[in-house]
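Use the sequences and the hints to build the structure in full.
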Amino acid sequence: AQKITQTQPGMFVQEKEAVTLDCTYDTSDQSYGLFWYKQPSSGEMIFLIYQGSYDEQNATEGRYSLNFQKARKSANLVISASQLGDSAMYFCAMSLGSGGSNYKLTFGKGTLLTVNP
Amino acid sequence: DTGVSQNPRHKITKRGQNVTFRCDPISEHNRLYWYRQTLGQGPEFLTYFQNEAQLEKSRLLSDRFSAERPKGSFSTLEIQRTEQGDSAMYLCASSFGSYNSPLHFGNGTRLTVT
Numbered sequence: 005a006q007k008i009t010q011t012q013p014g015m016f017v018q019e020k021e022a023v024t025l026d027c028t029y030d031t032s033d034q035s036y037g038l039f040w041y042k043q044p045s046s047g048e049m050i051f052l053i054y055q056g057s058y059d060e061q062n063a064t065e066g067r068y069s070l071n072f073q074k075a076r077k078s079a080n081l082v083i084s085a086s087q088l089g090d091s092a093m094y095f096c097a098m099s100l101g102s103g104g105s106n107y108k109l110t111f112g113k114g115t116l117l118t119v120n121p
Numbered sequence: 003d004t005g006v007s008q009n010p011r012h013k014i015t016k017r018g019q020n021v022t023f024r025c026d027p028i029s030e031h032n033r034l035y036w037y038r039q040t041l042g043q044g045p046e047f048l049t050y051f052q053n054e055a056q057l058e059k060s061r062l063l064s065d066r067f068s069a070e071r072p073k074g075s076f077s078t079l080e081i082q083r084t085e086q087g088d089s090a091m092y093l094c095a096s097s098f099g100s101y102n103s104p105l106h107f108g109n110g111t112r113l114t115v116t
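Protein chains in written order, with my numbering: chain D, 5 to 121; chain B, 3 to 116.
Worth double-checking, as some hints may not be accurate.
If you want the ones that stay clear, here's a sample from chain D, every Cβ over 12 Å from chain B, calculated [as the list claims (entries may be wrong)]:
1. 19
2. 60
3. 67
4. 71
5. 89
6. 91
7. 113
Taking lysine to aspartate or glutamate pairs in the EDC-like style, the calculated list, with each CA pair at most 20 Å apart, reads [what the hints assert, rightly or not]:
8. D/113 with D/90
9. D/108 with B/58
10. D/113 with B/46
11. D/74 with D/60
12. D/74 with D/26
13. D/108 with B/46
14. B/59 with B/70
15. B/13 with B/85
16. D/7 with B/46
17. B/16 with B/70
18. D/77 with D/59
19. D/108 with D/33
20. D/7 with D/26
21. D/108 with B/26
22. D/74 with D/33
23. B/59 with B/46
24. D/108 with B/70
25. B/59 with B/80
26. D/7 with B/58
27. D/113 with D/48
28. D/7 with D/30
29. D/20 with D/90
30. D/108 with B/54
31. D/113 with B/88
32. D/74 with D/59
33. D/77 with D/26
34. D/113 with D/30
35. B/13 with D/48
36. B/73 with B/54
Here are the simulated distance ranges between beta carbons [what the hints assert, rightly or not]:
37. D/18 with B/73: 47 to 57 Å
38. D/21 with B/116: 41 to 51 Å
39. B/73 with D/19: 47 to 57 Å
40. B/80 with D/18: 41 to 51 Å
What the hints contain is simulated information worked out from the structure, not anything from laboratory work.
On a predicted model such as this, the values are computed, not experimentally measured, just so you know.
By construction, the Cβ of each residue, glycine as well, lies at the ideal position given by its N, Cα and C atoms.
Following this line, the structure appears as structure tokens:
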């Protein structure tokens with residue numbers, strides 16, 4: 005069975021600094037996808053970034069980048085130039101299937117990020 | 003793209019009552035998912051549909067839970083004889099179902115069973 009581990013219950017960062025949120029995963033499948041979602045206090049889950057298991061380059065989306073280390077089974081999210089609006093819960097998630105087809109996402113417990121002014 | 007819509011946003015019910023939630027997915031999406039999220043936890047998969055077919059149900063979905071997606075459009079999630087342990091946020095999501103297509107979530111329905 006697949007498993008996602010997020011070991012940081014909470015993280016603090018100063019505005020305009022970069023922060024790394026950790027995520028490790030466990031699966032015996034060769035094909036999988038890794039996702040990061042942001043959940044502000046309003047409750048909506050907002051998709052941030054995706055990395056496929058066969059993608060050779062690390063994914064980037066604006067200020068978000070995914071540090072994908074396949075051998076270590078880690079998929080850390082890096083947020084550059086933090087903004088106050090980045091304060092939220094962040095979830096790492098994984099899907100299994102051919103090409104990482106995304107159904108039945110398995111989520112970690114999340115990391116609460118607080119950006120200080 | 004008007005986003006995934008869920009109704010109601012909040013529902014308070016007494017133990018033993020039945021409740022029904024509705025989800026309207028993004029119209030072009032053929033896959034629809036239900037998740038449950040309790041305080042301090044990540045969302046847990048409940049079930050998903052491809053068009054009108056319910057393709058998988060989690061063990062979390064007891065016999066008191068039933069989900070439908072008639073005509074492959076909106077979906078309903080019904081909980082019969084609610085229990086206090088059913089109190090949670092119920093999230094609906096939809097996607098294209100391609101391998102790198104992310105799930106788009108609604109704002110959720112928060113259920114409180116008293």
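Point to revise | Given hint residue 90 of chain D paired with residue 113 of chain D - CA-CA distance at most 20 Å | key: holds (18 Å)
**Study point:** Exclusion check [residue 89 of chain D not at the chain B interface, CB over 12 Å]
**Key:** holds (18 Å)
Exercise for review: Decide if the proposed pair is consistent with the structure: residue 74 of chain D and residue 33 of chain D, CA atoms, cutoff 20 Å inclusive.
Suggested key: Holds, at roughly 12 Å.
Check your understanding: Is the straight-line distance between the alpha-carbon of residue 108 of chain D and that of residue 54 of chain B 20 Å or less?
Key -> Holds. Residue 108 of chain D to residue 54 of chain B sits at ~17 Å (cutoff 20 Å).
Point to revise | Pairwise hint evaluation, residue 70 of chain B against residue 59 of chain B, where the allowed Cα distance is 20 Å at most | key: holds (12 Å)
Check your understanding: CA of residue 7 of chain D to CA of residue 30 of chain D, is that 20 Å or under?
Key -> holds (5 Å)
Exercise for review: Over 12 Å to the closest beta carbon of chain B is the bar; see if residue 60 of chain D clears it.
Suggested key: Fine: 14 Å to the nearest Cβ keeps residue 60 of chain D off the interface.
Practice item. Please work out if residue 73 of chain B and residue 54 of chain B have their alpha carbons no farther apart than 20 Å. Key: holds (6 Å)
Practice item. Please test the hint of 41 to 51 Å on the beta carbon pair from residue 80 of chain B and residue 18 of chain D. Key: holds (47 Å)
Check your understanding: Taking 20 Å as the top limit, are the C-alpha atoms of residue 59 of chain B and residue 46 of chain B close enough?
Key -> holds (12 Å)
Check your understanding: Are the Cα positions of residue 108 of chain D and residue 58 of chain B separated by 20 Å at most?
Key -> Distance ~9 Å between residue 108 of chain D and residue 58 of chain B Cα, so the pair holds.
Review point. Are all beta-carbon distances from residue 91 of chain D to chain B longer than 12 Å?
Key: Nearest chain B Cβ is 17 Å from residue 91 of chain D, so the label holds.
Hints 7, 17, counting from the list given before, are not met by this structure.
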